[in-house]
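*Asks:* Heads up: the sequence shown begins at 3 in the numbering used here, then just goes up one per residue.
Derived from the structure by calculation, the hints contain no laboratory data.
Hints are not guaranteed to be accurate.
To be verified - Subject to a maximum C-alpha distance of 16 Å in a straight line, what follows is the list of computed EDC-like cross-link-like pairs (lysine to aspartate or glutamate):
(1) K14 with E30
(2) K34 with E9
(3) K12 with E30
(4) K33 with E20
(5) K13 with E83
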Amino acid sequence: MIINPYESAKKKIDIAAELINLHPNTLEYLKKTERALIVSVPLIKDDGSLEIFEGYRVHHSTLRGPGKGGVRYSPFVTLDEMKALALLMTFKTALLGLPLGGSKGGIRVDTKKLSDRELEVLT
3 MIINPYESAK KKIDIAAELI NLHPNTLEYL KKTERALIVS VPLIKDDGSL EIFEGYRVHH
63 STLRGPGKGG VRYSPFVTLD EMKALALLMT FKTALLGLPL GGSKGGIRVD TKKLSDRELE
123 VLT
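Kindly produce the complete structure, drawing on both the sequences and the hints.
*Replies:* Take a look at the structure:
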């Protein structure tokens, strides 16, 4: 059975919300993603061929400020993984009292198959 990282993260939020008696309306809002963008990222390879990679940028919440979160490069990146990591980043920044929200990006690519130049252009 494949575990969906976004559903797993939301279950963790459910457990925490129950412990602090969080209002159900607040919980429902906190589990929603503010926006998710799916992009096609073109790369001209060293041999002149074109390869297009799928990428994602997820903003879970920008209520406290701009979304904090980097970009992951992996052949296993999924939209649900980015949604989960953005959600968790929202809580990390809030718990630290930072004026930031949570976001995360990713590009589905095997970086080991790229030359140094190709990797520099992509990143």
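*Asks:* For every hint, state whether the structure bears it out.
*Replies:* The hints, checked one at a time:
{"no.": "1", "hint": "K14 with E30", "verdict": "holds (13 Å)"}
{"no.": "2", "hint": "K34 with E9", "verdict": "holds (11 Å)"}
{"no.": "3", "hint": "K12 with E30", "verdict": "holds (10 Å)"}
{"no.": "4", "hint": "K33 with E20", "verdict": "holds (14 Å)"}
{"no.": "5", "hint": "K13 with E83", "verdict": "holds (14 Å)"}
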